[in-house]
Each structure stands twice: as C-alpha cells, then as structure tokens.
Amino acid sequence: MKTKELRELSLEGLQAKLEEARRKQFDLRFQKATGQTQDKGQSRDVKKTIARIMTLMTEKQAQKA
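Heads up: the sequence shown is residues 1 to 65, going by the working numbering.
For the record, the hints were derived by calculation from the structure and aren't laboratory data. Treat the hints loosely; a few may be bogus.
Simulated crosslink set (SDA-like; lysine to any residue; CA at most 20 Å straight-line) [stated by the list, open to error]:
#: 1; residue 1: K24; residue 2: K40
#: 2; residue 1: K17; residue 2: K47
#: 3; residue 1: K17; residue 2: R29
#: 4; residue 1: K48; residue 2: A16
#: 5; residue 1: K4; residue 2: K17
#: 6; residue 1: K24; residue 2: M54
#: 7; residue 1: K4; residue 2: Q38
#: 8; residue 1: K32; residue 2: R22
#: 9; residue 1: K48; residue 2: E20
#: 10; residue 1: K40; residue 2: R23
#: 11; residue 1: K24; residue 2: Q38
#: 12; residue 1: K48; residue 2: Q38
#: 13; residue 1: K4; residue 2: L18
#: 14; residue 1: K40; residue 2: K4
#: 15; residue 1: K2; residue 2: Q25
#: 16; residue 1: K4; residue 2: M54
#: 17; residue 1: K24; residue 2: V46
All values reported here derive from a predicted model rather than from experimental measurement.
Taking the hints into account, I'd like the entire structure generated from these sequences.
Below you can see the structure in the form of structure tokens.
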C-alpha cells in the first residue's frame with residue numbers, strides 16, 4: 001500500500017492495517033521456516049509497510065496533542 005493511500009486513513013484504520021501487516025509478516029516467517037515461500041522480497045516489503053504505518057500513526061498522534 002502506498003504512503004499516500006495510508007495518509008488518508010484514520011488512526012483506527014491505520015491500526016487495522018498494522019494488525020493485517022503484522023499477521024502477513026507472521027505468515028511469511030512461518031512459510032520461510034517451512035520452506036514454502038516463493039517470493040523472497042515479500043517479507044522486506046511487509047517490514048517496510050509496517051514501518052510506514054507506524055510512522056504515520058506517530059504523526060497523527062502528534063497532531064492530536
């Protein structure tokens with residue numbers, strides 16, 4: 001998901017996306033451990049998405065204060 005799309009979400013929406021991304025990261029780690037993964041770069045992309053979401057959440061919380 002692009003940063004522009006993430007910026008349009010509310011804090012609750014970002015929290016839902018964060019949970020979704022963390023679940024996907026867990027699934028990818030499990031697939032890697034069992035040797036089922038095909039796309040090696042996918043875990044890196046999910047990690048970066050999690051970082052983007054957390055950064056935007058911090059920005060939105062700072063704006064509220």
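Here's how the hints hold up against the structure:
| no. | hint | in the structure |
| --- | --- | --- |
| 1 | K24 with K40 | holds (14 Å) |
| 2 | K17 with K47 | holds (13 Å) |
| 3 | K17 with R29 | holds (18 Å) |
| 4 | K48 with A16 | holds (16 Å) |
| 5 | K4 with K17 | holds (14 Å) |
| 6 | K24 with M54 | holds (16 Å) |
| 7 | K4 with Q38 | violated (28 Å) |
| 8 | K32 with R22 | holds (15 Å) |
| 9 | K48 with E20 | holds (14 Å) |
| 10 | K40 with R23 | holds (17 Å) |
| 11 | K24 with Q38 | holds (14 Å) |
| 12 | K48 with Q38 | holds (19 Å) |
| 13 | K4 with L18 | holds (16 Å) |
| 14 | K40 with K4 | violated (25 Å) |
| 15 | K2 with Q25 | holds (17 Å) |
| 16 | K4 with M54 | holds (14 Å) |
| 17 | K24 with V46 | holds (7 Å) |
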